[in-house]
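A.B. asks: If you want the building blocks of each chain, they are given just below.
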Amino acid sequence: MDDLEREMQSILDVARQAHDPAPDAAVRVRRALAVALAGAGASAATVPAAAAVAGGGASGAGVGGAAGFGSASSLVSTIKYGAIGLLLGTSGIGVGTAVYSSVGSAARPASVSEIATTVERTPSRESASQPPVADEFPQPVQEVVEAERQARGKVPAAADDGSPGATAELRAEAQALHLAEKYLENDPERALVQLDAMQRAHPDGVLTEEALAARVFAHCNLGQREQAFRAADRFFREFPRSVHAPRVRASCALNTGSSTRPATAPSSDGSHVSPTMDE
Amino acid sequence: MTRASRPGGAPSGVAGTPAGDTLDFEQIYRDHFAFVWRTLRRLGVRESALDDAAQEVFLVVHRRLDDFDGRVALRSWLFGVAHRTALAQRRTARKADAEPLPTELRARAGTPHDRAVASEAVEFLDAFLDTLGDQQRSVFILVELEQMSVPEIAAALGVKLNTVYSRLRLARGAFRRAVERRNRGDQVLTDATKGHEDG
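Read top to bottom, the protein sequences are chains A and B. Read in order, the letters of the first sequence are residues 1 to 279 in the working numbering. Read in order, the letters of the second sequence are residues 280 to 478 in the working numbering.
These are calculated hints, taken from the structure and not from any lab test. Check each hint, because a few of them may be wrong.
Covered stretches of chain B (chain A as the covering partner; in silico rule of three or more C-beta atoms under 8 Å from a C-beta of chain A) [to be verified]:
{"id": "1", "region": "303-313"}
{"id": "2", "region": "319-327"}
{"id": "3", "region": "337-343"}
{"id": "4", "region": "349-359"}
{"id": "5", "region": "452-463"}
Cβ coordinates follow ideal geometry from the N, Cα and C atoms, glycine included.
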């Protein structure tokens, strides 16, 4: 075997290990598949059951994003919208820009992203009455992380029903993200520490999408373009149709001419975006 | 050789169905999701379309599981489904506006500073695969990356053994030239051999 052959083999050896799906991809696709297979007339009860199968050992918040067509979705929506407002520093810009078909359409199976988006963005009536959550927790990092740990410990794996445990986890996750957002502008390194803690505490969290985007911005704010690029790569792998995608694209990660510091301090009303503003 | 047992009844919904139906499909999904995902990626499905493409593959698998008779290995059958899905997806993608991300990522990854060797190798291989025609690409992926046997691949693709060997020889030659070009500092994509197929 000559040097060139060895080099070829080396490339192939590396490539054989590459291209595997991200850890949550199987769950994400399975969730959408369950809905598609359940068909238009499926009862809502089928979907959470299937999602629970798909979720396996995933934490409650992650599964709850899909399963909570009813109760939990309102809080998820509220938190997600709050997070969107935080990240964009606006009142939900871009939330309504994508047009998604109904999950219930029998004409064709809903796509993964359609389902995820519908579930996560679909407002419910009671959403409006939910108090804003993202602005309520200006706590120190350790306190927040500890709160997350505690909340996580109390939440059963399949708690996606709006129970106090699930609610506590969602709130704790929102707290963690909010704290990271606060540090993005003036102390991005600390924001990254906070995002790491958030990821450890909520590996399948509802706000993973926002956290991954925030990570890109934090690296940009630190002038770490290579790390920002890697973070953006992961972000787009996991959330290719995210409402934050334009912002991430415009960041230093993919725009070499950009000195974007996208995640500036959230606007005062950014964390109070109404879940009904998606149209 | 992996062989899926046939479900006892007609394909049905995943949840709330008899265990026999559910288990087979669930087992296939669990065991082969990563393979399907990798295959779709290597066949050129864009990142943003992978979720939907993988879903489509397993919808077909669920629908056609009754028809799977075990004459080819399960992975070969899955590859066939993924292959058709990837081709359809790529046709659709060509019609739609080109999505800027993969190009941006590739261009960014191609910049010289601070690249990890592993990611560079993967980027290089991705770029190389894009230069291959579909037939050589499939054979190259199955032999060199998935390390399937040539008879398995012949069965999967519905072609003769010699055809697989021929495509493999051509693809390996192209790969060798691509590595040589890379070592000379050439750009693989500017010296593409795409479209050169053995039919």
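A.B. asks: All the hints need checking, so say for each whether the structure fits it.
C.D. replies: Hint-by-hint comparison with the structure:
1. For a cut-off of 8 Å, the count of residues in the region 303-313 of chain B with a CB near a CB of chain A stands at 5, and the three-residue condition holds.
2. By the rule of at least three residues with a Cβ nearer than 8 Å to a Cβ of chain A, the coverage given for the region 319-327 of chain B holds, with 4 such residues.
3. Interface restraint, the region 337-343 of chain B with chain A: holds (3 residues with C-beta to C-beta distance below 8 Å; minimum three).
4. Coverage of the region 349-359 of chain B by chain A is violated. Counting CB-CB distances below 8 Å, 0 residues qualify, and the rule asks for three or more.
5. Coverage of a stretch by a chain is defined here by at least three residues with a beta carbon nearer than 8 Å to that chain's beta carbons; for the region 452-463 of chain B and chain A the count is 5, and the condition holds.
When the structure is compared with the earlier hints, a violation turns up for hint 4 alone.
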